[in-house]
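So you can see what is in the structure, the chains are spelled out below.
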Amino acid sequence: MAQTRTRPLSPHLTIWKWGPHMALSILQRATGDGMATAGVLGVVWWLIAAASGPAAYETFMHHATSWYGYVVMIGLTLFFFQHLFSGLRYFVLDIGAGYELKTNKSWAMVVPVAAIAVTAAIWLSILAGKL
Amino acid sequence: MGSGTEIGRVRGLGSARSGTKHWIHHRITAVSNLFLVLWMIFSLLHLPALDYLSVTTWLAKIWVAVPMMLMLVSVFTHLRLGLQILVEDYVHDEGLKFATLMFLNFYAIAGAAAGIFAVAKIAFTGAAS
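Residue numbers (this note's numbering), protein chains in the order written: chain A, 1081 to 1211; chain B, 41 to 169.
Isolated chain A (complex conformation) (with noise of 0.2 Å):
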C-alpha cells in the first residue's frame, strides 16, 4: 500500500513514561518466543529421545542435567510462569476490566513477583529433595 502523504503521527514509544505495563507486554511476547522455540524443542527432543531408547535418552538426560540443562529448564520454568499469569491478567483485560489506572499498575506489579515465587518454590523443592 503506497501511502505518499505525510500524515500526522500518533505519540510514539520514546516519548511514554515506562509503566509496568509496558514491561509486561514485551515480557509476553519475549516468553513465548522463547518457548515456542527452545522450549517445544526440549520437550520433542526429550520425547523423540525416550522414543529412540535407553541410549538416546541418556544423551538427552546428560544433557538436561548438565549446568547449562538446569539453566534452560529453569529459565523455561519462570519464562512459563511469567507468560501464564500475565495471560491470565490479559484475559481479564480482554473482558474490559482492570483498566484503572492503580488497579492495571499493580496487578502489572503481581504478575512477574507471581512469576519469579512459583518458579523459586519449584525449584527449591526440586534441588532440596536432591539433598
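For the record, the hints were derived by calculation from the structure and aren't laboratory data. We put the CB at the ideal spot given by N, CA and C, even for glycine. Please note that the accuracy of each hint is not assured.
[Claimed, not checked] Computed cross-link-like contacts, SDA-like style, restricted to lysine to any residue with a CA-CA straight-line distance of at most 20 Å:
#1 B:Lys161 x A:Trp1126
#2 A:Lys1185 x A:Gln1108
#3 B:Lys101 x A:Gln1108
[To be verified] With the C-beta cut set under 7 Å, the calculated list includes, among others, these residues of chain A facing chain B:
#4 Gly1112
#5 Ile1128
#6 Ala1130
#7 Pro1134
#8 Ala1136
#9 Tyr1137
#10 Gly1149
#11 Val1151
#12 Met1153
#13 Leu1156
#14 Gly1167
With chain A's structure known, arrange chain B on it following the hints.
For chain B alone, kept in the frame of chain A given last:
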C-alpha cells in the same frame, strides 16, 4: 481494485473477518495450554524418578499419552498463532513474509507430528527397545 478513490484503494485489503477467528483460537489454546502444560509439569514433579524406564512406563499409559498428545497439539497451535503475529509485526516485505509464514507452518506441524509420533511409539510398542 479501484485506484481513484480512497475507499477503492482499501477494498479487499481488510481482515476478511479472519482476524477474530485467529484471536479467539489464540485464547482457546491459551486455556488448554494452561491445563495441559500445568498437568505435565506437576506430573513430572510427582514422578519418583525421571530415568528411561520410569518415563517410558509413565508415557505408555493411556491417561498420560492422550493428554501429552493433546498438549502437543495445543502448544504448537498456540505458538503458530503467536509467532504469526510476530512475523506480521516485523517482516514487512510481502514475499519474505509469505515465505516466513510458510516455514512457520512447516515448523509447527512437523514439531507436533514428531512429538505425537514419539508418544505413540512409546505407547504402542512399550518401553522395551
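Hint-by-hint comparison with the structure:
no., hint, result
1, B:Lys161 x A:Trp1126, "holds, 14 Å"
2, A:Lys1185 x A:Gln1108, "holds, 16 Å"
3, B:Lys101 x A:Gln1108, "violated, 34 Å"
4, Gly1112, "holds, 5 Å"
5, Ile1128, "holds, 5 Å"
6, Ala1130, "holds, 5 Å"
7, Pro1134, "holds, 5 Å"
8, Ala1136, "violated, 9 Å"
9, Tyr1137, "holds, 4 Å"
10, Gly1149, "violated, 12 Å"
11, Val1151, "violated, 18 Å"
12, Met1153, "violated, 11 Å"
13, Leu1156, "violated, 10 Å"
14, Gly1167, "holds, 5 Å"
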